[in-house]
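**Q** Listed here are the chains, written in short residue letters.
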Amino acid sequence: KAGVTQTPRYLIKTRGQQVTLSCSPISGHRSVSWYQQTPGQGLQFLFEYFSETQRNKGNFPGRFSGRQFSNSRSEMNVSTLELGDSALYLCASSLAGITEAFFGQGTRLTVV
Amino acid sequence: AQKITQTQPGMFVQEKEAVTLDCTYDTSDQSYGLFWYKQPSSGEMIFLIYQGSYDEQNATEGRYSLNFQKARKSANLVISASQLGDSAMYFCAMRETIGGFNAGKSTFGDGTTLTVKP
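Chains A and B are the protein sequences, given in the same order. Just so we're aligned: 94 in our numbering is position 94 of the first sequence, and the numbers increase by one with no gaps anywhere. For any residue, its number in our numbering is found by taking its place in the second sequence, counting from 1, and adding 1000.
If you are wondering where the hints come from, they were derived from the structure by calculation, not from laboratory data. Heads up, none of these hints are tricks.
Straight-line alpha carbon distances no greater than 20 angstroms define the calculated EDC-like cross-link-like pairs of lysine to aspartate or glutamate that follow: (1) B:K1016 - B:D1086; (2) B:K1003 - A:E100; (3) B:K1073 - B:D1110; (4) B:K1073 - B:D1022; (5) A:K13 - A:E75; (6) A:K57 - B:D1029; (7) B:K1117 - B:D1086; (8) B:K1070 - A:E100; (9) B:K1003 - B:D1110.
Take the sequences, apply the hints, and build the full model.
**A** Right, here's the structure in full:
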């Protein structure tokens, strides 16, 4: 059974640009959630999607957005990138609810 | 609001010995899930073990066991027979339900860096 796949693995962008990250969950998993990990702030929840609907959102500015497609694949978009957006972005998939969530390898974004 | 506290920023253990990583949590939910993840330097978050709030028995997965004390709101991870490959950051996390719906938001602790010495 394939795990969670995140693409790309590494990304370098310039301030002001926008970026789209992709996450393909484990087959059969309908819940996808996104996290930002930085050395200073640790792991912070961005948002969660279930059956194409955003059910939960963390405390991030509107520049951070996401969506989920009918096949459960999810994308995360960050517009007008800032230096502080440099982080490891992790995606997790789960069947639903409070069951275990499995993470992808992450996308390491560097904003210069 | 949910909160996870890991009070040990760093831990050392001798190879083949057991080690306990502490985790306490705070929630007003009756139904929740507790998890431990391992994050090696590569960055990937590896799921280790899960404990549901209604599970009466402590969860075990191979060399990993979760010492769940609900009244004390603690969920400590015990790694038996440590191996060099166990050196990594370990995160305790909790998943919550919201308004009766199942939600996928996990709250993470700050992590504990475990170093296994040969």
